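S.K.: These are the residues of each chain, in order.
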Amino acid sequence: MLKMTNVSKVYRTNTVETHALREFSLSVDEGEFVSVTGPSGSGKTTFLNIAGLLEELTGGVYELDGRDISKLNDRERSKVRNEKIGFIFQSFNLIPELDIFDNVDVPLRYRGFDKAERRRRIEESLEMVGLASRMKHLPPQLSGGQQQRVAIARALAGNPRFLLADEPTGNLDSNMANSVLDLLGEINEQGVTIIMVTHELSLADRAKRNIFVRDGKVSDASPDFAIAANS
Amino acid sequence: MFRYYLKLGLLSIRANPALSSLMVAAIAIGIGACMTIVTVQHLMSGNPIPEKSSILYHVNIDSWSDANPYANGSRPPDQLTYTDSRNLLAEEKAPRQVAMFKSNRIIQPEGDDELPFEADGRATSGDFFAMFNAPFQYGGGWDKSVDLSEERVIVISDALNERLFGGEDSTGRSLRVNDNDFRIVGVLAEWSPVIKFYDLNNNPFEGVEDLYFPFSTAIALEFGSSGNTNCWKPVEEGGRQAFLNSECIWTQFWVELPTAADKSEYLNFLEAYVEQQKALGRFPRPIDNRLSDVEEWMIVQQIMEDDVTVLLGLAVLFLIVCLLNTIGLLLAKVMRRAKDISLRRALGASKATLFAQYIVEAGMIGMAGGIAGIGTTWLGLLGLRNLYAEFDFINNLTSLDWSMTGLAIALAIVSALAAALYPTWRACQVTPASQLRIQ
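If you're matching them up, the sequences are chains B and D in order. Note that my numbering numbers the first sequence so that position 117 is 154, with each residue one more than the last. Note that my numbering numbers the second sequence so that position 237 is 248, with each residue one more than the last.
If we strip away everything but chain D, and leave its shape as in the complex, we get (with noise of 0.2 Å):
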């Protein structure tokens, strides 16, 4: 029967070309502003790592102050002091560990053609390929050996390879940075996580950066921070140096813990290194030492602004007006069908049968309104991309995936049906006598 269904609600559709356009119109409108919200938020809270996102950490230890607590004592600061860091990082605990911090850089391109122009820039630990898993088009990171010894080596980006070298194969050829000379060893294949996860306290959305160079070395060359630093005392007369060893928090330290021992352990070694940091007169505070895997830590970090979840309930809100007009037309259509469903009646379909008919064409109304829901969803994306065109973050978040497609079918297909529910049962409740005498 469902095949006869399906013809019926064709001929249904075909026969009031007008009323079934206004249904699938109201449907596609609420679908199109709901689904535009619905893809930014599924964009801003997707997992960004799933292979691994439950064994990367994010180490915090709370350096604060006393008196003065972070986040009002609800939990440690975010990120680290350079002491820790370099602390956590010479002990070597975890299998994998990456300490970092943003630090944008001037490029010096070779010739005299081209300006000098900044780039974004990564002070990374040899590991953080491998634990986040950056994708290689030419060469690879830098082992161990390099991050004690501050060697000038770089991995550039696909698109600053491209622009620098045409595309080809750099690994090898120099790379002058801030007066500087880097070698290449690496460059990125093509690297874009919707989320920045690794690094949450710098604009999370932005792309990831063109440039990765050892963490000791850019101590060494005393590159500076570019990102967020946040302190709780002012810091010492003694230029750099003073900045290192101050309480002032600017690095982000990261852990790969493949077993719960393996967390386990790492949280016993934190507390160990907490109490040796107390006897030597830092760490005021409690203990409170967290690791959170990457999905923790967007929560912890809210990724998901509140803004958004208030223009998702509005968009949501919208989607329920526009079911309410197809409500409305629904049943204008079924009370101007009183005469089919009558004589259907006394031919012998049951209410149930009735009932199941139209809530077929009221499931292929719903279809067509999701396809044309996803063109209205591709619409409004358009136009939050041109809104913020400015913000090079927004290309991230305004692309309609297919499990976002898929979403929007469904969710129109849904929506119809429960429009529908009320109109048909109404169909069903016509006496089929009433109306087969008209003339």
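With the rest of the complex left out, here is chain B (with noise of 0.2 Å):
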């Protein structure tokens, strides 16, 4: 469902030219949990960013879904972003002056549903990361560990096919960390096709597929290679 041929990306200023990704191929089916991990600037958030529609790619062919991303408009675009594609970033990224039912809200109001329907929504998700006692606290109220798990609910309220989660643990202590990654095997369980950028190897176990970035490319898709390159 997610299928990369030779991607490419290129940043260009005036006078340096970086190539973040270089001939990039993969290819990731239906609930699948995968990892990607590599060492630092190697190009792992690039891609994530590529497969979330968050940039666009210099060369080479995207399709999701079977639909060639790069002939999308920006409107096309951000309704595939919001239906299909659900974000958890490393710095969680909540809004700090909405409480936690408005910022699980955000997506849900771009997509149209009625009052009724995102209430529904907001608290089945709230539920599901287990804050719906917390609605009404604004994200500075709650600790790190519990900023991430609204944010995992904000991405699953739609009900998108991918989950895109960069670092999701990077800010957080290795209890909550396991909490967290508890929480999205629990996800991927229920058919979601989670795509999980780590630099942490021990996190990245908890995939089922790993994938290893060096240089833009993807070298090799076993873990145990990946785990062994990186130490």
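Hint data in this document are derived by calculation from the structure and do not stem from the laboratory. Being a predicted model, the structure only gives us computed values, none of them experimental. Hints are supplied without guarantee of correctness; some may be wrong.
27 Å max Cα-Cα, derived DSSO-like pairs, lysine-lysine [claimed, not checked]: (1) D:Lys350 <-> D:Lys18; (2) B:Lys108 <-> D:Lys362; (3) B:Lys108 <-> B:Lys121; (4) D:Lys362 <-> B:Lys116; (5) B:Lys121 <-> D:Lys362; (6) B:Lys254 <-> B:Lys108; (7) D:Lys350 <-> B:Lys116; (8) B:Lys173 <-> D:Lys350; (9) D:Lys155 <-> D:Lys274.
Bring the two chains, given one by one in their own frames, into a single complex with the hints.
M.R.: What follows is the structure, encoded as structure tokens:
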């Protein structure tokens, strides 16, 4: 369902040309839990940004559910992001002046759901992450782990088929990190495809498949190789 | 989504109170400066009698010198000679007509305590009140028989009635004017057209007169004119009668012509009249008869001073400077919110959606700026009123009506939206991925 073929991404300034991805090819099937590891600057996050339609690719083909993404206009790309993709960021990226309920509500507003439907989805998703009782709290009133759970609830509220997680446990202690990974595992069990970028190989082990990225390319699809390469 | 955008706008304004206040202040000051001048211009150029301005005509005929044409020949003289006003009045060719001149008089109140005082007066015809929709509190005007009989009747303003009679119905009572007793037949209700449209030759922004008496009576009593008098040749020896017979212009003549046919007929009549006068040795210049309705006459008389137009231009420039400041402030605000914009893009907001969100927020700031702008406009008008306090007419020109209030808010919103276009466009160009990974 996610297929990248020879994708490249080049950042250009007046004087420098940086190849973040080169001939990057990857296929992820529905229901997979894939971790993406690699050294710093290897292109992990660029891959995730392109997969999440947050950046344009420079070359190659990216197909999502059989559609060539490069042919979509801004409105169509936004619609795909809103309906098919959920994001989880390392820094949670909650809007501090909105309470938890309204934070989870953001993507649902853009989806155009009516009030009752939005409320149902928000309550369900917050229930799933164990924060239904904190709906009226502001993000700064929650712990890091709780904020990340809110971010997960926000990503799940629209029932996405993809969950893209960029270092989702990077700002959490080990207990909270395990708790979040357990939650991601449960979500994957329910059929949601998860692609998780992490630099911690122990966390990558929680995925069913590991992709190792080096110099903007997929180096090997074997977790064992990736662990060995990194150690 | 509009209500959602309103909510987000309110949150954003509350989250950045200092920046938001600066933007509101910049808009309010610009709107205040602009609207102060726009209000003065609006009042100066407004139609003072919209319900019938198109059927009231000021009459002009060219009785001036052939050697030295009036206004370099661009238009006939602004007023009429007494001879012509008297003749046109006597012909009664229009359904209603008025010959008149400004004539300030001395009022001698009853009793020993009150000293005589001068009041603005107008010698006019009985049709004056009906033609110009002058409202009555008590009594009424006078009819045509009075115009012919030189009867000493008078209509007074409500202000004068208040001063002399405590506001009671004074019709039937006597009023001594320049040693002549007049019988009060009517008391006007409050009447304060912004522009004294029926006499633009003599300070159109001063209030209406306190005294109105018949044209024929004023002539018989040898009341002089207090308005402008222009002559193109010397008045012959012979005192008052010689002046009345002279080619000096000092009277105004208006007609009410309800239909186009009436107007056409009256123009024909004027042509015949001028031909007749030419045969008598008057009117040396080519025939140039004109009927100008109220608004046309205001344009001819250039009621809108050039200074006001220049001031308006400067005020608009000042508003633009304020808007440029607002653009800068909005840009700063947008750049501070790049992460929020990126996040919303990631969660499914299209560029168009974000554009709408930020435009609504700008509109809210504009609305606040407009409301504050009404306050600054009011202060501006108050300043003008204090600066020119010695002129009575300034009160007429410095009041903020509902239409101007609405315009101030609308102008503020439109200005804020215009100012927001570039910052909002910039906001929509933020690459989502660039901000989301910042720790």
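S.K.: Taking the hints in turn, state whether each one holds.
M.R.: Verification of the hints:
At roughly 19 Å between alpha-carbon atoms, Lys350 of chain D and Lys18 of chain D fall within 27 Å of each other, so this suggested pair holds. At roughly 17 Å between alpha-carbon atoms, Lys108 of chain B and Lys362 of chain D fall within 27 Å of each other, so this suggested pair holds. For a cut-off of 27 Å, the pair hint linking Lys108 of chain B to Lys121 of chain B stands: about 17 Å separates their Cα positions. Between Lys362 of chain D and Lys116 of chain B, the direct Cα distance comes to roughly 11 Å. Compliance with the 27 Å bound is thereby established for this hinted pair.
Proposed proximity of Lys121 of chain B and Lys362 of chain D is supported: the alpha carbons are some 18 Å apart, at most 27 Å. About 23 Å separates the Cα atoms of Lys254 of chain B and Lys108 of chain B, which keeps this hinted pair within 27 Å; it holds. Using a Cα cut-off of 27 Å, the hinted pair Lys350 of chain D and Lys116 of chain B holds, with the two alpha carbons roughly 20 Å apart. A threshold of 27 Å between alpha carbons decides the hint, and for Lys173 of chain B with Lys350 of chain D the separation of about 23 Å falls inside it, so the pair holds.
A distance of roughly 22 Å separates the Cα atoms of Lys155 of chain D and Lys274 of chain D; the hinted pair therefore holds under the 27 Å criterion.
Checked against the numbered hints above, the structure breaks none of them.
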